[in-house]
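Visitor: Below, each chain spelled out in residue letters.
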Amino acid sequence: MKKTHIAIILIAVIFSILSFAVIDTFRSSDKTQTHKNAAAEKVAVKEKSFNAESFVLSNGMHVVLIENHRAPIVSHMVWYNVGAADEDWGNSGIAHFFEHLMFKGTQNMAPGEYSKTVRALGGEDNAFTSQDFTAYYVNIARDHLPKIMQMEADRMINLNIPEDHFESEKNVILEERAQRTDTNPTARLMESLRATLYPNHAYGVPVIGWRDEIAALTYNEVMDFYKKWYAPNYATLVISGAITRAELEPLAEEIYGSLPAQPTAYSPEYDAPILPGQKTIRYEDAQVKQPQFIRLCRMPSYNTDKDAALALEIAANILDGGSATRLYQALVSEARLASNAGLSYSGFSEKESTASISITPRAGIPIENVITAFDAVLMDYKYKAPSDEEIQEAKDRMVNEAIYARDSLQTPAYIFGQALNTGLNIDDIEYWTYDIETTSNDAVRQAIDYFLDSARCVDGHLLPEGGDPAKTIAPPMPTDAEGADHE
Amino acid sequence: MNKSLLRSAILTVSALSALGLGFARDAAARSPLPEAEHATPAAQKRFIPIETLKTKSGIDVWFVEDQSLPVLSMQFFFENVGAAYDGADKQGLARLVSNTLDEGAGAYDSKAFQKALADNSISLSFSSGRDDFSGQLKTLTRYQDKAFELLKAALNEPRFDDEAITRMREANISRIKSSLSNPGWLAARIFNDQFYGAHPYALNSGGTISTLNALTADDLRSYVARSLTRDRLHIAVTGAINKDDLLKAIDYIFGALPEKSADAPSKVENFSWPNDAKSILFPIDGLPQSQITLALPSVRIDDPRYYTMKLMTTILGGSGFGSRLMAEIREKHGLTYGIYSYTSESEAAEMMQISASSQNATVAELLSRTIDELKRLADTPVSEEELQSHRDYLIGSMPLTLTSTDKITSLMQQLQMQNLPSDYLDHRAAHLSEVSAEDIQNLAREVLDTNKIIAVIAGGVSADDLPSERTGLSPFTVVTDLPNVE
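So the protein lines, in turn, are chains H and U. Here the first sequence is numbered in numbering that gives the first Met the number 0, starting from 0 and rising by one per residue. Here the second sequence is numbered in numbering that gives the first Met the number 0, starting from 0 and rising by one per residue.
Be aware that a few hints might be false.
[To be verified] Sample of chain H residues with no beta-carbon within 10 Å of chain U, all distances over it, derived: (1) 156; (2) 168; (3) 375; (4) 386; (5) 406; (6) 422; (7) 424.
[What the hints assert, rightly or not] Here are the computed lysine-lysine pairs in the PhoX-like style, where the Cα-Cα straight-line distance is at most 25 Å: (8) H:383 to U:114; (9) H:383 to U:110; (10) U:89 to H:381; (11) U:110 to H:381; (12) U:89 to H:288.
Keep in mind the hints are simulated off the structure, nothing from the lab. Where is the CB? At the ideal position from N, CA and C, for every residue including glycine.
Excised from the complex, chain U in its bound form (with noise of 0.2 Å):
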C-alpha cells in the first residue's frame, strides 16, 4: 500500500469536510453535472468528452484523454462479484481478496510487490462493495509499464501465500474489534441486520472473526477463477496516455483473463421494502450521545421519477446549510451537529436515508422534528424560490467534481455502475429543470410515508425517552445481539 503524500493530502481534505473541524458538510459530494468546456470535435458540448472505446480482442473501455499532468488513472471493476455473493459461511471472502491480491504476484512476493509499488509512485488498490469488485490503478506516466505489469501479474498470477493471508485476516480482524468503539459502525451493522433480514445485504460485508478466520487460500483462488471474468469487466481511464497505447495496454493487463465461469453466482434478488415500520435502539452504556438512521423508500435510477427524488433529498437535507433539516434541527434548535439526508442505489435496493446524532436528551426531539418536516414536504407544495436555488446547486456544482485525473475516472465509474450511458450527464440538466413543485409533493406524499420508517439508533439513549408520542415513530424495541461480528 503506497502511503503517499497525495494519499495523505487527499485524505486530509477529505477528512476536513467529513470530520475535520468547522462544519461538518456532508462528505458525500453531490452529483455533477452542467457542461464544462471541453471542446470536443462534435458540435455539441459534452459534459465530459467521454470516448467509449473497444481493444482488438473485445475489451470495452471509457476513456477521457488529458495531457494536463503525466499522470493517469485507471479503474475497473467486475460487476456482481461483490460481498452480496459471499454467502454466510464467508463472509468477508471478497474484502480479503481485495487485500491480499497486491500482496504478491507472479515472482514479485509480499514485499517485493509492495516495493516496487513504492519505488515507482505507483498507487494500487483493490476493494470490494456490497455488488461489485474493483481496482484503482494511479500511475505517473513515466513508470505506466511498470504500473501495467504488476496489475496484470495482481489479477493473473496472484500468489496468496499463506503469510500475506494471515496478515490480512488479522488487519481485518482487528479492523473490526476497533470498529466496535465506532458507534457510528455498529449503528451502520445493527442497520444492515435488520432492515436487510434474510437478504445476503444484510451480511458483513467486511467479514466476521469466526469467518475470516475460517477463509483459506483455496477460498481466495476459487473466487478469483470465478468472478474475475471478462464478461462482468467495466474499465475507466483519463489522463496522459494515447488512445493506441492505452489498447494495447488493456489488451495486456486484461486479455489474458477468461471470459466467463462456468460457477458464476446468479445476481442476488431484488429487496422488497418491508411492510410495517421498524424501531430499533441498540443500546451503549454510558455514551452521552446517540447515533440515528432513518430509511425510507426510494426509486430506481431508471424510473423517470429519479429527478424528482435527488431533488426533495437535496431540499429535505442534501445540501449541507442550504437545506431544511440542517437549517431546522442544527441551525434553529441546536441539535446536531450534523443532519443529512441521501439516497443510495444498489443493484438490489434503493432508498433515502437520513442520518444524525444528538446528546441523549435530545434525540426524541430531533426525531419528532425531522419527522414533521417529511410531513411538511408531502403537505405543502414547495416554493419556486427554494425549488430553483437547489436545482442551480445540483447543476452548478457539476463541474467541481472535475478537478482531478481520478475524479474524472471515478465519475465515469459510477455511470458504468449504474448502467447508464456515456451520455448521461450531457442531458442532466435539462431533466432536473422539467421537475416542478408539483411533482416534488407527488412523490413525497407517496415514498416519504411515515409508516414505513426503519429507525435504528445506537447509544447511551433509554428507550423509556423514546415513546411514540415523543418521537413520531413506531414503540422501539431494544436489541443488544450484534449478529454477524463474532
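Isolated chain H, as found in the complex (with noise of 0.2 Å):
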C-alpha cells in the first residue's frame, strides 16, 4: 500500500513534467569483466531476456519483433526518434502538438477515421510524446495487422490536415495543459524544477511546452516539422506479439520499406550548463494542504555512461526497493519523520538522465528536517556502504523483473523502443540481467557520489499558503522523533 502510494506519486510528478524515462529499466553489453563480487557467488549467466528479433528494411527503417503467442493479437508501435529535444528555441511544444495532428487525416482518410478504423477492427490506439521520441501504438487482433500497417504508413508519408482542424486542436491541447499542468501544484513546481535543473537546455522546458508559446504555433511551423522528422530513417517499428519473423518480415518490406527517406535532420544543440550553488525553490500556494519535499539530479544515463547507469540503477533499488530498503526505513519506519518516502532513476535519456526523489514530512515536521535525514541516509550509504549481500538482494530482485516483464504484451515493446531511440541496442536489452549481475559491486558503493554533488540537484519545497504549517503553527519541537503529534 504505501509504496504502491509513492510510486504512483512519483510516476504523477514525473508525467506532470511530461518527461518520460520512467520504466526502471534494462541497458547493457559490453561488460567483459567478470563478477568479481562477493564470495559464495552463483554465476551469471549471459542470456538473452526476450529473444527479439531485429532486421532493417531497405529504406533504412529498422524493426524489432518480440514474438508473443499467448493470444491472437499483436501490438504496433512506430517509434519516431524525434521528440521534444529537437525543438527550435522559441517553438516548444511542437513535437506533442504534431502527435496530435498525426490522427488529424490524410489524402487517403479524413480527419479521425485512422482512430475510428482502428476501434472498428476492435483495436485500440494512442501515442505519446517525450523529450527524446514520439510513438505511435495500436494494439488489436494479429489479423488486421496489415491494414494497420498500410493506415501508419500513409499517415507518415501522406498527411492533410485542414487549417480549421489546426486551430481547434489548438483549443485541445491547452486544455491538456490546464488539466495537467495549470490545475497541478506539482505539476507547475516541476516545470520551475526542471528549468533550473537544466537551463539553457531542452529537457529544461516542459513537453506539452509553454502556454504561450503553443498558443503562437502556426501551422506551418508545425507542418515543417512534420517533413523534417517524418521518414522511414527516423522510425523504429515495434511489434509485440502473435506473429513471426518470416510473416512479418516481406509484409514490413512492403509496407514500409517502399516510404522514401529523408535527408538527414539536425536538431538544435545547447549547452546545459551546471549552475553553480545549492538551488532551492520554495512555492507556496493556496491549493497545496500536504507539504512535499522533492529533488531532482543531473545523473549519466544509459547513452551517456553505461557502467554508471547499471550501478545508479542498482543504487537506486538498494536505497529503494521497497519499503524493506534504506530510505522508507530510514524516514519513515524508524525516524518517523516522513509519511512516504521514495526515489526512483532511470538511465534512459538521450542525453543525462534526472533521478527524482520525494518525501512527505510527517505532520509536525518541519521540510528541513526530513532534507537533513535523507542527506544522512545518502551519507550513511557512503560511510556505512552496503554490503555485498545487500547489493546481491538489489540485484536479484532487478533480474526477476525481468521475467515479469515478459509477462505482458505492451511492456516488452515500451522497452525495446525506448531504449532504441535512446541511443541503446538490441543487445543492451537482451543482456541487461547479465549487465546487472557483473557490474561490480564497487562501482555501486561509488555510485552514491552522484547523488552527493549537491551542484547537480535541485530541491523543491511544496507549500501550503504562508508556509510550512510545521512551523507556522509552531508545535514545540519533539525532543525526539516520537514526539510530534498528529492533528
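Dock chain one against chain two, each of which comes alone in its own frame, and use the hints as you go.
Guide: Shown next as C-alpha cells:
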C-alpha cells in the first residue's frame, strides 16, 4: 500500500513534467569483467531475456519483433526518433502538438478516420511524446495487422490536415495543459525545477510546451516539423505479439520499405551548464494542503555512461527497492519523520537522466528536517556502504523483474522502443540482467557520489499558502522522533 | 510493498494511456470478449478456459492453467465487507486493514515481512472497495511456497502492531491532504456525498482524518474476525501450476479461516435514484479549469437490456475517438482534452457517468453540447453502420484483455464480483449482436432523462456563468462544505 502510493506519486510527478524516462529498466552488454564480487557467488549466465528479432528495411527503417503467441493479438508501435528536445528554441510544444495532428487525416483518410477504423476492427490506439521520441501504437487482433501497417505508413508521408482542425486542436492542447499542469501544483513546481536543473537546454522545457508558445504556433511551423522528421529513416517499427519473423519481414518491406527516406535532419544543440551552488525553489500555493519535498538530480544515462547507469540503477534499488530498504526504513519506519518517501532513477535518456526523490513530511515535521534526514541516508550509504549481501539482494530483485516484464504484450515493446530511441541497442536490453549481475559491487558503492554533488541537484519545497505549517503553527519541536502529534 | 520494475513498467503503461502525453483515452479498458484460440477439450470454443474447482475442504476456485511463463497470479475477495460497511464513525476501517495486513504477521514483523516479499520478488497487496475486500498475489513459481506461506500468515495471523498501524494511518492522512489539491478527487468526493445522501456509499472509503485517527488495533482485529470468512470468499488463479498442487495450496492458505461470523454485517440496501435533478458547484478559487461529472440512471447487469446499455454508452462516449462526445466536444469544438461515458455496477447501485474537464469560459458550452448529444440518442435512431462499428469494437477488443497472467485473473474476478457464470463471456458476442438501433433508442428515451441528471462541477467556474438556459441543466447550487474529509 504505502509504496504503491509513492510509486504513483513519483510517476505522476514525472509525467507531469512530461519527461519520459520512467521505466526502471534494462541495459548493457559491453561488460567483459566477470563478477569478482562477493564470496559464494552464483555464476552470472549470459542469456537473452526476450529473444527479439531485428532487421533493417531497404530504406533504413528499423524493425524489432518480440514474438508472443499467448493470444492472437499484436501490439504495433512506430517510434520516431524525434521529441521535444529537437524543437527550435521558442517553439516549445511542437513535437507534442504534432503528435495530436497525426490523427487529423491524410490524402486518403478523413480527420479522425484512423482511430475510428482501429475501433471498428476491435483495436485500441494512442500515442505519446517525450523529450527524445514520439511513438504511436495500436493493439489489435493479428489478422488486422496489414491494415494497420498500411494506415500507419500512409500517415508517415501523406498527412493532410485541414486548417480549421489545426485551430480546434490547439484549443484541445491548451485544455490538456490546463488539466495536466495548470491545475496541479506539483506539476507547476516540477516545471520550475526542471527549468532550473537544465538551464538553456530543451530538457528544462516542458514537453507539452509553455502556454504562450503553444498558442503562438502556426500551421506552417508545425507542418515543417513533420516534413523534416517524419520519415522511415527516423522510424523504428516495434511489434510484440502473435506473428513470426517469416510472416512479418515481407509485409514490413512491402508496406514500410517502399517509403522514401528523407535527408538527414539536425536538431539544435545547446549546452546545459550546471549552475553553481545549492538551488532551492520554495513554492507556496493556496491549493496545497500537504507539504512535500522533491529533489531532482542530473545523472548519467545509459547512453552517456553505461557502467555508471548500471551502478546507479542498482544503487537506486538499494535505497528504494521497497519498504524494507534504506530510504523508507530510515525516514518512515525508524526516524518517523516522513509518512512516505520514494526515490527513482532510470537510465533511459538520450542525454542526461534525471533522478527524483519525493518525501512527504509527517504532520508537524518541518520540511528541513526531512531533508537533513535524507542527506543522512546518503551519507550513511557512503560511509557505511552496502554489504555484498545487500547489493546481491538488489540485483536479484532486478533480475527477477525481467521475467515479469515478459508477462505482458506491451511492456517489452515499450522497453525496446524506449531503448532504441535513447541511443541503446538490442543487446543492451537482451543482456541487461547479465550486465546487472556483473556490475562490480565497488561501482555500486561509489555510485552514491552522484547523489552527493549538490550542484547537480535542485530542491523543491511544495508548501501551503503561508509557508510550512510545521513552523507557522509552531508545535513544540519534539525532543525525540516520536514526539510530534498529528492533528 | 514490492515496488518493482514490473510495477513501474505497468504504471508507466497505464500512465501513458491514462495521463500520459498523447490523447488521454479512457483508461477503463472496455470489457472483453470474442473467441480466443485456447483449445479446450470440449467441442465448443471457450473465450477463457476457466475450470471451476472445489478443494477438499470445500473452497471454490476458478482456475486457468497457463504454462507459458513461470508465473502465478492469485486474486480473491470477500464479498460485502468493503467500505460501505465501515460505518460513519469508522470510515477508512477496511482501507486501513488492507494497508496493514501485509505489515507483519505471525513470526514476521513489518520489516521482515516486507523483506521476505522483496527478496523473493513476490507481489502481495490488499485493497478495499465499496463492496468487497480483495487480495492480489503474484509470484514466480519458484517462490510460490514462500508466497503461500506469507499470504496464509497475513490472513490468519496479522500482527497489527501499533507502530505499523500508526505508520499506515499517517500515510492515509497525508494521502487525503495531498488529494485536497486534486480537483478530480474533490469533484468525486462532492459527487459521492451529494448523490448518495444518506446511503452508506456516500461515506469516504479512504477514511476521514478524524476517523482514521480514532481507529484502534482492536477495530482492525474485529474487522478481520467478522469479515474474512469463507462464506464470502471468491478465488481466481491463473498460471503455471497443476491442479492438485493448486487445490492443496488453497486449503493451506484459506482452510483455517472461519466458515462464517455471527457478527457479519447485513447487506446494504439498494440505492434508489433521486426524484429530482440536481446541479452542484464546488468552487476552487483561482483554478483555470473545472472538472465535470454527470450521472444518469443505468440498468443492472442481470437486466436483459444490459447489453443495450453497454452499446449505447459506447456509442455516446465509451470508445474514445470513435464515440460521439469525443467527436463533437473535443474534435469539432476543442472544448476539452477528453470526455468519456461509462457505466458502473455496484452491489447496491448502478449508473452511467460522463466526465470531462474544460477551461472555465467553456464549461457552459460543453454542458449544453453534451445534453444535445443525450437528446440526439433519444430522438434519432443510430445508423446501422455506427451501431455495427461499435459492436465490432466491443466484440473485437476482447482478446486484448488476455495479455498477461494478471489480466486473466482480474477478468475472472470481475465475473465473480458480478455473480456471473464462468461461461458468461462465451455468450457475450451473441448478446451484443442481438441489440438493435430501436432497442437503443427505446432505452435512451428511458434512461437519458435530462430531468434526472445529477451534475457536479469542481473548479474555477462561477455559478453566474452556469445559468440553466446556457447549460441545459437545473440551476447550480454552490456548495463549499467538503464532508467526510476532516
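Visitor: Now, for every hint given, state plainly whether the structure supports it.
Guide: Each hint tested on the structure:
1. 156: Holds: least Cβ distance 21 Å, greater than 10 Å.
2. 168: Its Cβ does come within 10 Å of chain U, the nearest being 7 Å, so this is violated.
3. 375: holds, 19 Å
4. 386: The assertion about residue 386 of chain H holds, with a minimum of 14 Å to chain U.
5. 406: Residue 406 of chain H is in fact no farther than 10 Å from some Cβ atom of chain U, at 5 Å.
6. 422: holds, 19 Å
7. 424: holds, 20 Å
8. H:383 to U:114: holds, 20 Å
9. H:383 to U:110: holds, 20 Å
10. U:89 to H:381: The given pair, whose Cα atoms are some 45 Å apart, is violated under the 25 Å limit.
11. U:110 to H:381: Holds. Residue 110 of chain U to residue 381 of chain H sits at ~23 Å (cutoff 25 Å).
12. U:89 to H:288: holds, 23 Å
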